[in-house]
Amino acid sequence: LVMAVIKLHGHPISTATAMVLCCLNEKEVEYDFALVELSAGAHKQPQYLALNPFGVVPTIQDGDLTLFESRAIVKYLAKKYKGQGADLLGNTLAEQALVEQWCEVEGHSFFPPASTILFQTVLRPLRGGTTDEAVVEINIGKLNKVLDIYEERLSKSKYLAGDFFSLADLQHLPWTQYLVTACKKGDLISSRKHVNAWWEDISSR
Amino acid sequence: MAAIKVHGYHASTATVMVLCCLNEKEVEYELVLVDLPTGAHKKPEYLALNPFGVVPTIQDGDLTLYESRAIIRYLAKKFQGQGTDLLGSTLSEEALVYQWCEVEGQSFNPPALSIVSQILVVPMRGGSTDEAAVEMNVEKLEKVLDIYEERLSKSKYLAGDFFSLADLQHLPCTHYLVNACGKGDLISSRKHVNAWWEDISSRPTWKKVAENMKFG
Numbered sequence: 547l548v549m550a551v552i553k554l555h556g557h558p559i560s561t562a563t564a565m566v567l568c569c570l571n572e573k574e575v576e577y578d579f580a581l582v583e584l585s586a587g588a589h590k591q592p593q594y595l596a597l598n599p600f601g602v603v604p605t606i607q608d609g610d611l612t613l614f615e616s617r618a619i620v621k622y623l624a625k626k627y628k629g630q631g632a633d634l635l636g637n638t639l640a641e642q643a644l645v646e647q648w649c650e651v652e653g654h655s656f657f658p659p660a661s662t663i664l665f666q667t668v669l670r671p672l673r674g675g676t677t678d679e680a681v682v683e684i685n686i687g688k689l690n691k692v693l694d695i696y697e698e699r700l701s702k703s704k705y706l707a708g709d710f711f712s713l714a715d716l717q718h719l720p721w722t723q724y725l726v727t728a729c730k731k732g733d734l735i736s737s738r739k740h741v742n743a744w745w746e747d748i749s750s751r
Numbered sequence: 615m616a617a618i619k620v621h622g623y624h625a626s627t628a629t630v631m632v633l634c635c636l637n638e639k640e641v642e643y644e645l646v647l648v649d650l651p652t653g654a655h656k657k658p659e660y661l662a663l664n665p666f667g668v669v670p671t672i673q674d675g676d677l678t679l680y681e682s683r684a685i686i687r688y689l690a691k692k693f694q695g696q697g698t699d700l701l702g703s704t705l706s707e708e709a710l711v712y713q714w715c716e717v718e719g720q721s722f723n724p725p726a727l728s729i730v731s732q733i734l735v736v737p738m739r740g741g742s743t744d745e746a747a748v749e750m751n752v753e754k755l756e757k758v759l760d761i762y763e764e765r766l767s768k769s770k771y772l773a774g775d776f777f778s779l780a781d782l783q784h785l786p787c788t789h790y791l792v793n794a795c796g797k798g799d800l801i802s803s804r805k806h807v808n809a810w811w812e813d814i815s816s817r818p819t820w821k822k823v824a825e826n827m828k829f830g
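Chains as they are written, first to last, in this note's numbering: chain A, 547 to 751; chain B, 615 to 830.
A couple of the hints might just be wrong.
[As the list claims (entries may be wrong)] To be clear about the criterion: a stretch of chain B counts as covered by chain A if any three or more of its residues have a C-beta under 8 Å from a C-beta of chain A, and this derived list gives those stretches:
1) 708 to 719
2) 793 to 804
[As the list claims (entries may be wrong)] Computed far set for chain B versus chain A, every beta-carbon distance over 10 Å:
3) Val641
4) Leu650
5) Thr652
6) Leu677
7) Ala684
8) Tyr771
9) Ser815
[Said to hold, decoys possible] Computed cross-link-like contacts, DSS-like style, restricted to lysine-lysine with a CA-CA straight-line distance of at most 25 Å:
10) A:Lys590 to B:Lys757
11) B:Lys657 to A:Lys688
12) B:Lys692 to A:Lys626
Hints listed in this document are in silico derivations from the structure and should not be mistaken for laboratory results. Only a predicted model underlies this, so the values are computations on that prediction, with no experimental measurement involved. The C-beta atom is built at its ideal place from N, Cα and C for all residues, glycine as well.
Given only the sequences and the hints, what does the whole structure look like? Please build it.
Below, the structure written as structure tokens:
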């Protein structure tokens with residue numbers, strides 16, 4: 547009996563896809579990559595909408611299971627492959643809870659301003675529009691407040707959920723990568739001693 | 615065994631999400647009032663518990679935990695053997711629960727909460743409702759609810775034929791949309807969404823919490 551390989555529908559430029567790719571690598575899981583050509587609008591075609599009615603990437607197929615939402619996918623992979631690769635969930639119920647807490651912080655406090663900055667400074671000009679500097683400034687302000695809290699946390703803990711690398715840290719990789727490179731907002735990270743050390747560590751995996 | 619302490623506010627959507635989950639899991643708790651109208655959530659005493667200065671935060675023995683969606687996942691796991699099962703029975707079912715939990719958090723909640731904030735909260739603080747913002751968010755929510763309608767025509771609840779965290783997460787905001795914001799038509803105009811809403815909002819575990827959802 548041949549086990550079907552996980553099929554990942556996505557695009558390498560998509561941060562959400564990158565999050566899942568990173569997790570698959572951490573868990574040492576083989577996969578088949580099915581390119582969804584975003585620039586051609588493939589994610590809005592009936593064929594893809596049948597997999598994911600929200601018309602966004604990524605979506606995975608694992609046997610009978612079709613699953614979307616990158617943060618749900620990485621949780622599923624981390625659990626299913628708990629016995630192999632890096633452990634991303636924590637060992638006790640309490641550690642797992644802290645992983646979930648910092649995953650939620652990423653999803654609700656870090657991601658919204660970070661993605662707005664990316665949209666305004668990179669994506670909008672790419673599509674022929676202009677950057678709304680006022681919006682960028684508001685969101686840099688929000689991100690600064692969040693990163694101040696991260697600085698305090700990371701001065702007491704090597705990684706966000708504790709002294710172990712987890713999904714919570716992994717979820718930050720794609721967005722921070724864009725902030726530092728394409729958006730040229732690296733100072734948000736480098737100006738904070740512990741956030742910087744944490745970023746250097748997790749981005750060198 | 616010390617009861618779980620919930621630091622929160624009875625009208626806060628995030629707080630009542632946790633209270634409802636505690637009821638579903640038949641877990642005793644103590645609600646410690648964080649008086650939002652007087653800014654208690656921004657005082658050093660509360661920030662020591664939750665540096666983000668938002669409610670709720672729970673204390674369970676040595677563990678201090680915030681983010682309502684993380685709290686309810688913790689409770690659903692810790693008390694897996696009692697009360698309502700909220701996670702599904704297999705790895706695949708659990709994955710679908712998390713998928714729809716993420717949909718709530720990333721696609722439903724942002725527009726829904728904006729509408730509630732504009733119609734309910736802004737006037738309370740002396741400001742006026744931004745009607746354009748409400749309209750924009752109603753449009754976003756309509757698109758999301760169309761997808762829910764399709765899903766719920768094939769499945770009794772969001773993750774499958776069982777009530778789960780995914781459905782529970784929708785209770786607080788939808789309660790305000792329907793009962794305090796005059797946006798009930800978003801729900802009632804969709805046959806399957808409506809049936810789903812009637813079902814989940816009539817759970818006694820929810821009604822106990824909903825009756826206290828008044829500001830002040």
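> Which hint numbers does the structure go against, in order from smallest to largest?
Replying inline: 2, 6 and 7
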